[in-house]
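Sequences are here, hints too, so could you generate the full structure?
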Amino acid sequence: MATLLICDDEKNIRRSLRLILSEDHEVLEAGSAEEAFGVLEHEPVDLLILDVRLPGMSGVEALPTVRKKWPLCQVLMISGDASLQEAVEATRLGAYDFFEKPLDRARILITVRNCLERAALQQQLEGFAETEEEIVGSAPAIQEVKSMIAKVAPTSGRVLITGESGTGKELIARAIHRQSKRRDHAFVKVNCAAIPAELIESELFGHERGAFTGATARKKGRFELADGGTLFLDEIGDMPAGAQAKVLRALQSGEVLRVGGERSSTVDVRVIAATNKDLKAEVAEGRFREDLYFRLNVVPIHAPPLRERTEDIALLVESFLARLGQEHGVREPTLEADALPLFQRYPWPGNVRELRNMLERLIILAGGSIRTEDLPPELRGGATIPTASPGETSLAAYRGLSLRELREAIERDFIRETLEACSWNVTRAAEQLGVERTNLHKKIKHHGIERGG
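The sequence shown begins at 1 in the working numbering and counts up by one.
Please keep in mind that the hints were generated in silico from the structure rather than gathered at the bench. We treat Cβ as the ideally placed atom computed from N, Cα and C, and that holds for glycine. Treat the hints loosely; a few may be bogus.
Stated by the list, open to error - What follows is a set of in silico ranges between Cβ atoms, one per label pair, in the way DEER data are often shown:
1. N114 with V435: 45 to 51 Å
2. T372 with E332: 15 to 21 Å
3. E26 with P341: 51 to 57 Å
4. D268 with R15: 41 to 47 Å
5. R183 with P64: 30 to 36 Å
6. R67 with G260: 47 to 53 Å
7. R209 with S369: 56 to 62 Å
Encoded structure:
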């Protein structure tokens, strides 16, 4: 449900718009531009409906401030006959559109709907641009990945990306989209593990108003939002069986049906899926549909773990230092030469994501010059985590740590392993660990444990 702010000095206009729009949206009101600014400061507003003529600061005068301070807030203008030219000027200054008095219900509903849908797609494209990163590395394993991307990107073939958490599976998916013919359309991501089972069908396929309790407005699903572009199904191995069946039908027919709907619609979507699970094993255990697996696994790409391309660590460190330094306002951060071998010796169980997070933490805490003594105990002590037997650790891995550091390291690793074993179901992991769910969330945050893409 979108949040709308109506800014008009006429109470009757505000009341009429509220009656038209409140059925599908949350509606706020303001009688002046100054009052609207106050609301925008404290409320996340998706769309501002702004009268051209207002007492004090006019709507046209207020528009540049709105576009500068709240760029994600869309703006529609209201104009009377005398202010039509000003409304046209406002669209030139960044307003999406305008409608005239007297108000026409159908025109208002269509204009608001189009504006919000355009904003949703624009945010998807902007999100893609913000996270656009090159795949860094020259190791044979990563060169093979780049070669596969170059071959598959120009085609319409579906891709299944496999690999451990933190190896950059989403980065690979975005690179495929960026090099494809669909690059000017939306890249829509769905984290199948993060959406409750009872909501995932609504997220993927949308729903009609009244389809279930809480469905107060019609909603487009991710398949429809990705029409013409790419749909990235992350953590596909965690998708519930019911949703798997519907995704299979959508891939077979190119049609989607909203929850509670009666008429299907056709979409043109390229699907890229990713997982850190062994889908063949999941199929054998009956947890994943074999027919869906073969539909998705047209072109497989494996994202290698960082421990298999240690020659890339120096390049990754250099790249992350430059990017993170700019992000945090630290000019040209550097890593002491003696520290780099410690980075190269550490096995990075969290892969590239762990490397990036550690460097970000070091830049924030140590500033522009990162010394060996600034490194965390697991790097300075030469701690290693065995990789041959997942789920098992050895005290020898923590040699050189103080007792306090040992407790911290063991707790961190044990929590991470438990989360992985529970497929990152925090409630189930908390039960296994014998702690409250909220307490586990605090520990995850304290140790900087993150689920990789």
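Do the hints match the structure? See the list:
1. N114 with V435: 45 to 51 Å: holds, 48 Å
2. T372 with E332: 15 to 21 Å: holds, 19 Å
3. E26 with P341: 51 to 57 Å: holds, 56 Å
4. D268 with R15: 41 to 47 Å: holds, 42 Å
5. R183 with P64: 30 to 36 Å: Holds, at about 31 Å.
6. R67 with G260: 47 to 53 Å: violated, 37 Å
7. R209 with S369: 56 to 62 Å: The hint (56 to 62 Å, Cβ to Cβ) holds, given that R209 and S369 are roughly 58 Å apart.
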